[in-house]
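Chemist: Sequence:
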Amino acid sequence: MSRGILVLKAGIAMVFAAVLLLVMYTDTFASKQPGISLEPGQIFSMTKYFAGTGNGETVGMFAVVLKEGKEVGVQVAAPDGSIVLKTRIGSKSQPVIGTFPVKQAGNYKLTIEGSNEQNVKFVAAFGHPPMFDASEPYLQSLTISAILLMIGFITTVAGFVVYFIDRRRNMNSPDRRMIQNR
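If you're matching positions, the sequence shown starts at 7 in the numbering used here and goes up one per residue.
Don't read these hints as lab results, they were simulated from the structure. From a predicted model like this one, the values you see are computed outputs, not experimental measurements. The reader is advised that the hints may include incorrect statements.
List time: in silico EDC-like cross-link candidates among lysine to aspartate or glutamate, alpha-carbon distance up to 16 Å [claimed, not checked]:
1) Lys-109 - Asp-86
2) Lys-54 - Asp-86
3) Lys-15 - Asp-86
4) Lys-127 - Asp-86
5) Lys-115 - Glu-45
6) Lys-76 - Glu-45
7) Lys-15 - Glu-74
8) Lys-92 - Glu-77
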């Protein structure tokens, strides 16, 4: 087996392991949080003060994990009422972690709206990066998973490159040309 194939398989294995760890620790994070329940069509809001770009604060952050239900709408509004982010979250246990621009100082509002079809239960966080307590073991594991995912992607790309370089080198080798000329 060529070097490229071995590196490629190692990269794919790292990506698979990282995704598995991310899913596992996301469930751990969501299960440790109490969760917020909404009736069909009900709205939940959180507000947080952001100092704005004058203090070097240019981005805000939110995270939402849907525990029960089909779909919720997520919206972030600036202090002047303009919408800076609007999205829908659809599948259970798929975390959505997003950022939004902070262009002015004031209270930003995160609004989560339940679907009109059924009750939903979710976990939400809203604030400045980093908004989580870094001492929590599941967040350290999430960081390790993210690093493993990046290394896995890089290794996979490197495996492709090495494989194609080896393949090209083997096609142009003198031994190969002698076999083809017979």
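Chemist: Among the hints numbered above, which are violated by the structure, and what are their numbers in rising order?
Modeler: 3, 4, 5, 7
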